[in-house]
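**Student:** Each chain, written out:
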Amino acid sequence: DMKVTQMPRYLIKRMGENVLLECGQDMSHETMYWYRQDPGLGLQLIYISYDVDSNSEGDIPKGYRVSRKKREHFSLILDSAKTNQTSVYFCASSLKGYAEQFFGPGTRLTVL
Amino acid sequence: SQWGEENLQALSIQEGEDVTMNCSYKTYTTVVQWYRQKSGKGPAQLILIRSNEREKRSGRLRATLDTSSQSSSLSITGTLATDTAVYFCATPYQGGRALIFGTGTTVSVSP
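Those protein sequences? They're chains A and B, same order as listed.
My numbering numbers the first residue of the first sequence as 1 and each following residue consecutively.
My numbering numbers the first residue of the second sequence as 1 and each following residue consecutively.
Treat the hints as calculated values from the structure; they're not laboratory data.
All residues carry an ideal CB built from backbone N, CA and C; glycine is no exception.
Do not take every clue at face value.
[Stated by the list, open to error] Here are the computed distance ranges between Cβ atoms for each label pair:
(1) Thr30/B - Glu57/A: 44 to 50 Å
(2) Thr82/B - Lys3/A: 17 to 23 Å
(3) Lys96/A - Leu11/B: 28 to 34 Å
(4) Pro111/B - Pro8/A: 32 to 38 Å
(5) Asn18/A - Leu61/B: 38 to 44 Å
(6) Arg60/B - Pro61/A: 35 to 41 Å
(7) Thr67/B - Met7/A: 39 to 45 Å
(8) Ser39/B - Lys69/A: 29 to 35 Å
(9) Asp26/A - Pro111/B: 33 to 39 Å
(10) Thr67/B - Asp51/A: 27 to 33 Å
(11) Thr77/B - Lys3/A: 26 to 32 Å
[Stated by the list, open to error] Only part of the chain B face toward chain A is listed, based on derived beta-carbon distances under 8 Å:
(12) Ala44
(13) Ala81
(14) Gly102
[As the list claims (entries may be wrong)] In silico lysine to aspartate or glutamate, EDC-like type, Cα no more than 20 Å apart, as pairs:
(15) Lys13/A - Asp1/A
(16) Lys70/A - Asp59/A
(17) Lys41/B - Glu57/A
(18) Lys62/A - Asp1/A
(19) Lys56/B - Asp83/B
(20) Lys41/B - Asp38/A
(21) Lys41/B - Asp51/A
(22) Lys56/B - Glu100/A
(23) Lys96/A - Asp51/A
(24) Lys62/A - Asp26/A
(25) Lys41/B - Asp79/A
(26) Lys26/B - Glu22/A
(27) Lys38/B - Asp38/A
(28) Lys3/A - Asp79/A
(29) Lys70/A - Glu17/A
(30) Lys38/B - Asp51/A
(31) Lys41/B - Glu100/A
Model the full structure from these sequences, guided by the hints.
**Tutor:** Next up, the structure:
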């Protein structure tokens with residue numbers, strides 16, 4: 001069953017706290033992504049991972065970092081979260097960079 | 001920005017009507033993907049069309065791609081209330097290593 005999972009689904013944090021968002025996929029896809037989605041702005045690419053320990057910045061990497069130690073897992077870390085990082089975060093995976101992307105259900109993060 | 005300003009933001013229609021949404025892009029591409037995102041869910045691919053296809057159908061969906069005008073369209077015939085969603089077009093970028101998504105067209109279908 002082709003699936004991308006995200007944990008947690010909902011998260012409330014205070015400004016300055018650290019945040020860890022987790023993503024998993026069961027398709028052995030090499031490439032994984034983190035996006036954030038804000039109203040009217042569509043999907044903005046934060047980071048791309050081409051495989052284990054091979055990560056590249058997307059369009060809005062500032063304030064975020066990622067970790068990929070296993071092909072099936074990709075984490076997004078916010079060190080000292082800011083209120084403007086309140087958003088819905090989506091993880092996705094694909095066989096190749098330009099191929100179909102499979103998305104997780106999203107994590108709604110609120111930073112107070 | 002990759003996207004033209006004529007990409008429509010929102011459409012409201014009645015069930016049974018047909019709807020067409022357009023995507024105008026600035027950087028040449030030979031592949032366009034269309035995704036649908038229902039409320040509270042992640043986007044899911046509907047259709048991928050290549051330049052050598054010009055038109056592609058999948059059930060009630062029809063996509064077109066015109067590389068000369070750098071535009072693509074997605075049509076849905078006989079809409080259902082369950083077609084209510086945001087529809088995105090996406091093209092390759094960063095040397096084909098990723099996709100860039102448009103801002104989306106919100107389609108609301110009333111029963």
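**Student:** Quick one: which hint numbers does this structure break? Sort them smallest to largest.
**Tutor:** Violated: hints 1, 13, 15, 16, 17, 18, 21, 24, 25, 26, 28, 29, 30.
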